[in-house]
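Student: Position chain V relative to chain S; hints supplied.
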Amino acid sequence: MGYFLKRNENDFVINIDLNQYGSGYNVVPKEIDPCNAYDIAEVQAYAQEHPEMEVVWDGDKYIPKEV
Amino acid sequence: MISKVSAPNSVPTDISDYVAQNAHMMAFMNQVNMQAFVLTNPTTSDKPKIGLGSYISHGGSLYKVETADEDIVGSPADGKVYVRVTGDATLSASFVTDISSYNYNHAYGTLTSGSYTLLPYEIRKSGSSWLKYRYDAVQRLQAESLNTGHGANELYPMNQAVRTTDNVSFANINPPVDNNDNSLPSIGKGGFTYGTITGSGNITLPTGGTYMTMGFSTLLDVSITSVTGRFSGGTTLTNTREHPVNIFVWRIA
Chain S
21 MGYFLKRNEN DFVINIDLNQ YGSGYNVVPK EIDPCNAYDI AEVQAYAQEH PEMEVVWDGD
81 KYIPKEV
Chain V
8 MISKVSAPNS VPTDISDYVA QNAHMMAFMN QVNMQAFVLT NPTTSDKPKI GLGSYISHGG
68 SLYKVETADE DIVGSPADGK VYVRVTGDAT LSASFVTDIS SYNYNHAYGT LTSGSYTLLP
128 YEIRKSGSSW LKYRYDAVQR LQAESLNTGH GANELYPMNQ AVRTTDNVSF ANINPPVDNN
188 DNSLPSIGKG GFTYGTITGS GNITLPTGGT YMTMGFSTLL DVSITSVTGR FSGGTTLTNT
248 REHPVNIFVW RIA
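The listed protein sequences derive, respectively, from chains S and V. When the letters of the first sequence are read in order and numbered with our numbering, they come out as residues 21 to 87. When the letters of the second sequence are read in order and numbered with our numbering, they come out as residues 8 to 260.
Here chain S stands alone, though its shape is the one from the complex:
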């Protein structure tokens, strides 16, 4: 799932390209997006296990969020 952006507990962007604004795949619960390719629970678990992969946008590129 690579680098990820956490908007809130039920809204993640995964597979982020650090140099491209808005890159990646938006994962939300299937009740909201029935054809979403990912299970939100799996992404939540991944985010919890890999806090070092969480990023934020600094206005120019994505940078790892300080853990």
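Hint data in this document are derived by calculation from the structure and do not stem from the laboratory. Treat each hint with caution, since some may be false.
Claimed, not checked - Calculated Cβ distances over 12 Å to all of chain S for the following chain V residues: (1) P15; (2) A30; (3) E73; (4) D76; (5) H113; (6) N160; (7) R170; (8) N181; (9) T225; (10) L226.
Said to hold, decoys possible - Now the stretches of chain V that chain S is said to cover, found in silico as 3 or more residues with beta-carbon under 8 Å: (11) 191-204; (12) 213-222; (13) 235-241.
Think of the CB as a built atom: it goes at the ideal place given N, C-alpha and C, for glycine as much as any other residue.
Tutor: Frame of chain S, contents of chain V only:
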């Protein structure tokens, strides 16, 4: 142990022949619910009754609809509807929608629940439309193919109506969604839509997945790079020009 039901002599000679006849009659009674369709209007969508002259097996006894078609009591909600009977000297019939308490009764060859016997029919009710089907207690039919008049075809999993008038939804193929403002609607993978952005304004992509966008100035003959590209769902795109922008949005993943 499976025992042979004694057959009577073709010309009864003693009481054992009459006992054997009764045994055969009871056996046939237990099969009577699988006779030809007993509901009225089997091929139309009219509300059914139980047809005059029909036989019904209930609790090991045989009943016959006499005098007139028998009304089925009740006003069930739309959906799957079933017919049950109960009684002793005479039977009453009523609609039922929840048959979760019914179990197959091997002695009677029917689904029963308490004093009720379920007739082997399933009705699909939608408003004033009552489509009637025979209901097999087994609920599963296995065959290599099925021919309903369009050749022998294989059936694959399906969980939605797919008539030309239905709004279908697929994991990889989705229809376009009409839109013409700054609030983009949800679209499925493969679907697309259209939006507008004011000069120096923003637009937020629909939730979920990944999108490809192309934005063009309404006044200048140019594309706007700040709103053109590949973006994740929920991303807010900013029009860096002072002129309004028209944006095409495809969901690609």
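Student: Now tell me if each hint is right for this structure.
Tutor: Quick rundown of the hints versus the structure:
no., hint, in the structure
1, P15, "holds (64 Å)"
2, A30, "holds (58 Å)"
3, E73, "holds (53 Å)"
4, D76, "holds (45 Å)"
5, H113, "holds (42 Å)"
6, N160, "holds (27 Å)"
7, R170, "holds (20 Å)"
8, N181, "violated (7 Å)"
9, T225, "holds (23 Å)"
10, L226, "holds (25 Å)"
11, 191-204, "holds (count 3)"
12, 213-222, "holds (count 4)"
13, 235-241, "holds (count 6)"
Hint 8 from the earlier list is the only one contradicted by this structure; the remaining hints agree with it.
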